[in-house]
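Q: Those protein sequences? They're chains A and B, same order as listed. Each residue of the first sequence is one higher than the last, beginning at 1 in this note's numbering. Each residue of the second sequence is one higher than the last, beginning at 544 in this note's numbering.
Bear in mind the hints are in silico, worked out from the structure with no lab data behind them. For clarity, every value in this text was computed on a predicted model and none was experimentally measured. Take every hint as true, because none was put in to throw you off.
Residues on chain A that point at chain B, a partial pick, calculated with CB under 10 Å:
#, residue
1, R56
2, P59
3, D81
4, F84
5, P91
6, M95
7, S103
8, N105
9, Y108
10, Q113
11, R121
12, F152
13, H154
14, I178
Listed next, the stretches of chain B that the computed footprint assigns to chain A, with coverage defined by at least 3 CB atoms under 8 Å from CB atoms of chain A:
#, region
15, 738–749
16, 763–770
17, 833–844
The beta carbon of each residue, even a glycine, is placed where N, CA and C say it ideally should be.
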Amino acid sequence: MTGLLDIRNLDISLALPGGSLHAVKDVTLSLEKGESLGIVGESGSGKSMTALTLMRLLPRSARCKAARLSFDGQDLPALDDRTFAETIAGPRIGMIFQEPMTSLNPVYTIGRQMTEAAVARGLLSAREARRKAIDLLERVGISDPENRMSQFPHQMSGGQRQRVMIAMTLMLDPDLLIADEPTTALDVTVQAQILDLLDGLRRERQMGLILISHDLAVVAQRTDKVAVMYSGELVEQGAANQVLFAPRHDYTKKLLAAIPRLDGPPGRVVAAAPKEEEVIAARDVTRLFSSRKGLFGPRREVRALDGVSMALKRGETLALIGESGSGKSTLARILLGLDEASSGDVTMLGRSLAEIPATERARFVQPVFQDPYTSLNPRRRLAEIIARPLVLRGEGDKASRLAAVRDAMEHVRLPPRLLHAYPSQLSGGQRQRVAIARALVTRPEALICDEPTSALDVSVQAQILKLLDELRAEMGLTCLLITHDMAVVHEVADRVAVMYQGRIVEEGSAQTVLAHPDNDYTARLLAAAPRFGETAEDLKVAQ
Amino acid sequence: MLRYIALRGLLALLVAFTVSLAAFLLLNVAADPAQAIAGEDATPDVVEAIRARYGLDRPLSVRYFDWLGGVLQGDFGESYYWHKPVAALVADRADETITLAFSALAVTIVIAIPLGALAALNPNSWIDRFALGVAVSAQAVPNFWLGLIMIILFAVMIPIFPVSGDDTWKHFVLPAFVLGASSVPAVMRLTRTGLIEVMGADYIRTARSKGFRGWQLLRRHALRNAILPVISVLAVQLGQKFGGSVITESIFAINGLGRLALESILGADIPTVQMLIFVFAIVFVAMNLLADILNAALDPRIRIG
Chain A
1 MTGLLDIRNL
11 DISLALPGGS
21 LHAVKDVTLS
31 LEKGESLGIV
41 GESGSGKSMT
51 ALTLMRLLPR
61 SARCKAARLS
71 FDGQDLPALD
81 DRTFAETIAG
91 PRIGMIFQEP
101 MTSLNPVYTI
111 GRQMTEAAVA
121 RGLLSAREAR
131 RKAIDLLERV
141 GISDPENRMS
151 QFPHQMSGGQ
161 RQRVMIAMTL
171 MLDPDLLIAD
181 EPTTALDVTV
191 QAQILDLLDG
201 LRRERQMGLI
211 LISHDLAVVA
221 QRTDKVAVMY
231 SGELVEQGAA
241 NQVLFAPRHD
251 YTKKLLAAIP
261 RLDGPPGRVV
271 AAAPKEEEVI
281 AARDVTRLFS
291 SRKGLFGPRR
301 EVRALDGVSM
311 ALKRGETLAL
321 IGESGSGKST
331 LARILLGLDE
341 ASSGDVTMLG
351 RSLAEIPATE
361 RARFVQPVFQ
371 DPYTSLNPRR
381 RLAEIIARPL
391 VLRGEGDKAS
401 RLAAVRDAME
411 HVRLPPRLLH
421 AYPSQLSGGQ
431 RQRVAIARAL
441 VTRPEALICD
451 EPTSALDVSV
461 QAQILKLLDE
471 LRAEMGLTCL
481 LITHDMAVVH
491 EVADRVAVMY
501 QGRIVEEGSA
511 QTVLAHPDND
521 YTARLLAAAP
531 RFGETAEDLK
541 VAQ
Chain B
544 MLRYIALRGL
554 LALLVAFTVS
564 LAAFLLLNVA
574 ADPAQAIAGE
584 DATPDVVEAI
594 RARYGLDRPL
604 SVRYFDWLGG
614 VLQGDFGESY
624 YWHKPVAALV
634 ADRADETITL
644 AFSALAVTIV
654 IAIPLGALAA
664 LNPNSWIDRF
674 ALGVAVSAQA
684 VPNFWLGLIM
694 IILFAVMIPI
704 FPVSGDDTWK
714 HFVLPAFVLG
724 ASSVPAVMRL
734 TRTGLIEVMG
744 ADYIRTARSK
754 GFRGWQLLRR
764 HALRNAILPV
774 ISVLAVQLGQ
784 KFGGSVITES
794 IFAINGLGRL
804 ALESILGADI
814 PTVQMLIFVF
824 AIVFVAMNLL
834 ADILNAALDP
844 RIRIG
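Produce the complete structure using the sequences and hints provided.
A: What follows is the structure, encoded as structure tokens:
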């Protein structure tokens, strides 16, 4: 067989202080030139480990062995490290990593990082490399690519850095591209553009593509073959249609059932009957940021928010959607009192935000952030983490705080035995429950959840969304949900507000907006959302 | 950036003057300077005469502002002991100390950074253990003892270097080594942990995936990130070298500022001590400022907010 990639019986074990962990068990995969393979599974299922093996990037503690590990006819384990680095890593096999915030070197410019490998290898002259880099940046949707070349990573958003990472990997024209969650940090419109680009390269240059994702909808649309991994094992493998529409393994079926669907019925417990009382209201809020280009450059003003008015009514879930950079998070920060509006005002139950002291504000509104892995203090026990807002407010005594913590944990369905656990002992879903419990402990009127599920696996995402929805029904909780996932909106939101370039361009009931968008931009967002058809025929149409 | 430097410079001066005020109070309150100059056996008449002669009978505040006014005009007063302007005295001796401090820093860098880097690249190997051993011993050994041992070993038993003095570069080898060794542990440890952290960073993984490895990976992607915290510590260490020269210069009989400081303290030569403290404070603050500027130059996250 003249396949591009042939992996047989791959085993990886990690040496841990308390013994060894069998991270990948007996995985057999193959890929032809120009073919695409999707690997799906939860975090910790061994998807990334398998990919890192191909790049020789496994951690030092890992031991891997395989009956066969060949790439384009070459036996990979037979190559020494030097030969591998010189001939394979980069120009033959390229990899896009999933951590956009940290995968670029903070002290060098984008331009240098993009061009250095091609120039150092003598593949391109500095001038050619620069031209190619600018071209690729443009193709991944980075505006003003020439100026971007002299910028540093910290001057870009996560989504932009991810696109730089993608463009950088493509600089060396790899024959096999491994993309580990390449579009998780991106908005749907950009995601579609990137996936189109990768598809195009696959056809043009017969590039092989391994797409690692927990997003089944993306995998269903973009790959020929799908492999499903669960706790280190390959539980199911086959043509995309067959695996996704006629799954044989129970785990695959469970995974498929957990996906929020744009086209299914909304999953809400009880639709809210919103009262007219406005818990939080923003009127004509504008936020200006000024920045300087270079050391002595002229001052430029950026309108992050431009006359935004919105109201969060008691008992409803309002979804705020829009691309990154559209001002969603800035608005959230202002509503939370973490940032101040340049003009306009924000009121909470009729009182101006400026008049409410910070400690009292915690009673009105609490945040839940995106990343449950970094937003909890690793050195504190759950009981301390959840009680923190009460301690800061100087509320109650030890016993009453503990009672409040227990109550909050019960609300978010965390078993009381975890009271003295540390965050590192919890799964991603449990951590996000802790974050929600911490937010609920002050009994706030409203929660502001900034992408609360985008760092989680689909099956966990479904649980958290269900939890938020149940809390709304049980406690009459008001919730502002910031997301870029249309299917999530469809699943849990009563109303939707669409933001674009600092303005709210459309607002209305979730059903109406998703079914009949008035605004062009909303329509574009919806069109770009990956859809997961009901049958194999739908999939073909979608492709 | 320029504003930042100007602001930090101003702050540095403020720190130096605060230090000088504290030193002034300590020197004048802790002991009676007139008595100290006159010596223990002097009669009260003599002490009073000295007090009047050096203006020590005026109130403390007047004397401090008198001194301060002089400093602002570049006049640090006259030494009680040498009967020369202090500024000239200090300028005369500065060469030796500057040479010693910088060569000691060079010793630190040459030993600590490669050792720390090797340890970081081979964690838990024999070289890592060796480096740790070096660090622990260098930390445990007092400076003056190491100085004496070095003299016995390399000047007396194997006479490669002179025992003391400051005439040729050979005179500076042993003192620079002794003074430099004291900073090796801190700098080495920081290099090691910094580099270990950097080598585990995601951007290093990215660079590896582009085919960089070994020395190239280190030079192109790791070094600048790992060196940032080390620069700050080196600056503090260089400041300490000036201060630390007091002991080393005495052991090796080098006629630098450290020895001058010791002599003036023993001789209650207040104007000289006062100026030396002021100069050491300025050097210390200036080194920190330099480290901040270097850090900003190397790290765009500081440079471009």
